Amino acid sequence: MTATTTQQLMTINMGPQHPSTHGVLRLILELDGETVVKATPHIGFLHRGVEKLAEYKTYHQFITLTDRLDYLAPMSNNLAYVMAVEKLLDIEAPKRSQYIRIILCELTRISSHLLWLATHALDIGAMTVFFYCFRERETLNDIFEMTAGARMNLSYVRIGGVARDLPDGFVEKVREFVNDFPARLKDYETLLTKNKIWLMRTKDVGVISAEDAINYGLSGPSIRGSGVKWDVRKSEPYSSYDEMDFIVPVGQNGDVYDRYIVRIEEMRQSNEIVRQAMDTIPKGEFIADIPDVALPQKENLKKSMESLIHHFKIITDGICPPAGEVYSCVEAPKGELGFYIVSDGTKNPYRIKIRPPSFVNLEGLQKMIEGRLLADVVAVIGSLDIVLGEIDR
Amino acid sequence: MSEVSAIAKRLKEKFPKAVTKVKTFRGELTISIDKDYIGKVAEFLYNDKGSDFDYLSDLCGVDKSRLDDSNTFEVVYHLYSLNQNHRVRLKVEIPASNPSIDTVTNVWKTADWHEREAYDMFGIIFEGHPNLERILTPEGFEGYPLRKDYPLKGRQPNSLREVYRKGKE
Chain A
1 MTATTTQQLM TINMGPQHPS THGVLRLILE LDGETVVKAT PHIGFLHRGV
51 EKLAEYKTYH QFITLTDRLD YLAPMSNNLA YVMAVEKLLD IEAPKRSQYI
101 RIILCELTRI SSHLLWLATH ALDIGAMTVF FYCFRERETL NDIFEMTAGA
151 RMNLSYVRIG GVARDLPDGF VEKVREFVND FPARLKDYET LLTKNKIWLM
201 RTKDVGVISA EDAINYGLSG PSIRGSGVKW DVRKSEPYSS YDEMDFIVPV
251 GQNGDVYDRY IVRIEEMRQS NEIVRQAMDT IPKGEFIADI PDVALPQKEN
301 LKKSMESLIH HFKIITDGIC PPAGEVYSCV EAPKGELGFY IVSDGTKNPY
351 RIKIRPPSFV NLEGLQKMIE GRLLADVVAV IGSLDIVLGE IDR
Chain B
1 MSEVSAIAKR LKEKFPKAVT KVKTFRGELT ISIDKDYIGK VAEFLYNDKG
51 SDFDYLSDLC GVDKSRLDDS NTFEVVYHLY SLNQNHRVRL KVEIPASNPS
101 IDTVTNVWKT ADWHEREAYD MFGIIFEGHP NLERILTPEG FEGYPLRKDY
151 PLKGRQPNSL REVYRKGKE
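Order-wise, the sequence lines are chains A and B.
Residue numbers for the first sequence follow my numbering, beginning at 1 and rising by one.
Residue numbers for the second sequence follow my numbering, beginning at 1 and rising by one.
The set of hints was computed from the structure by calculation and includes no laboratory data.
Just to be clear, a hint being listed does not mean it is correct.
Claimed, not checked - Derived EDC-like pairs (lysine to aspartate or glutamate); straight-line CA-CA distance at most 20 Å:
no., chain 1, residue 1, chain 2, residue 2
1, A, K229, B, E43
2, B, K14, B, D68
3, A, K234, B, E43
4, A, K57, B, D52
5, A, K298, A, D279
6, B, K64, A, E55
7, A, K95, A, E145
8, B, K12, B, E43
Model, not experiment: these values are computed from the prediction.
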């Protein structure tokens, strides 16, 4: 091989139909041999114009569209949006509904992280973990089904509370899951954490320093893997998270392995949060009694004329929050998920901007894989835990 | 709360002409900035120890033409400080006829894709941006979908269909 041929760069196309791109991400890779010189992500294949659609929906109608952003964690999306609307309206959900939101959000976090672990390990070549994780996800999906009626797109949160109270048998089923889960987590860790192949594929791969992570705007486990101790649940507690006792795990090196460790530990913490919330959940209403904005309880529609009228008015006319603008964010499984709502005082939002964590995290990909090997690209994409539904919107 | 309003105060002292309006709504501080100063203000807020806005949460455009009759666009910056744990919103009005503004990618690298998205959706030109291309819409897309004059069921002209057809053959 002559010196000129080693200088030659090869451009290859990875995706949009590639199993390890987790959807429809397309990467243009410029390679020097097996080394990545430049990686350019091309996104937008799943663009549905959610922000444009929002301007033609009422505030209640838009809740279902938020499910379709990060479709692996619908509860967090619902909550982030509804909390922004509640902030705009200046109302607060009843304590019980806040606890219900916490329980389901943390269960979706576990569910989302499980899917991440399953596919991430599969990408790198560990098959067994995939089946174990999907077994646990099945239990979680059953729990979501009995609560919200749907397994994936829950749309369970309502402005001022949640759609309905926790069903009979919920507590027992979740308790059983919460008690079993730590042992299951141990199983995954036995398979991976000290596995030599796993260590070789993930240690010192896709490194990003804390300063870069902040400057690139990473959030969630992706920034915590670099040692930045920042979690929206702790720094700006919402929905009674300040009453929960949990720790925020951080990594040190900012490599794929540290992001893996952080997410594993987060699952353990989420499990404990669910346990605490179940133990201390207060009695009371699951949706606020504010007739002109919050939907009345479904049961009352059969008995009370006034409830029926309010329900009809809210569904047909929508609600009109005061003119103004708010930004509200939550800690979604992927990072800081924010909604910026501009209201002009009518029943349709004037403008909704979604701040999707995956979109911003993916931006850091170029920084992480430059100068690395082609095989590492798959590991790094997996470690960012992206969902194209919320990147493309 | 007091420390948040201190940011506006300090900014006013540093750039008396830059701050056009300060508003607090639902506990969120919004500072309107004159278009010419955004680069300097961003750099100041990033470096200043007291405000320390090291994290750009979000950057987006807003088409204000149906909100008032001003026929302006707005670029909205959501800043966050990891150390001080406070937020601020910066707003810059730019005329819809000539929507251009300085980039902030030299301060926060994360602004790169956000600015590309704002360009894609509103046609806002960010001067000095390293790679200002469409990001979410396909190649050959015409118009700016999030502008208020773009219809909800906007059809693309034949040009885009031709782009697709060529790809098929």
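So, going through the hints one by one against the coordinates:
no.: 1; hint: A:K229 / B:E43; result: violated, 24 Å
no.: 2; hint: B:K14 / B:D68; result: violated, 31 Å
no.: 3; hint: A:K234 / B:E43; result: violated, 28 Å
no.: 4; hint: A:K57 / B:D52; result: violated, 38 Å
no.: 5; hint: A:K298 / A:D279; result: violated, 27 Å
no.: 6; hint: B:K64 / A:E55; result: holds, 13 Å
no.: 7; hint: A:K95 / A:E145; result: violated, 23 Å
no.: 8; hint: B:K12 / B:E43; result: holds, 15 Å
Going through the hint list in order, the structure does not satisfy hints 1, 2, 3, 4, 5 and 7.
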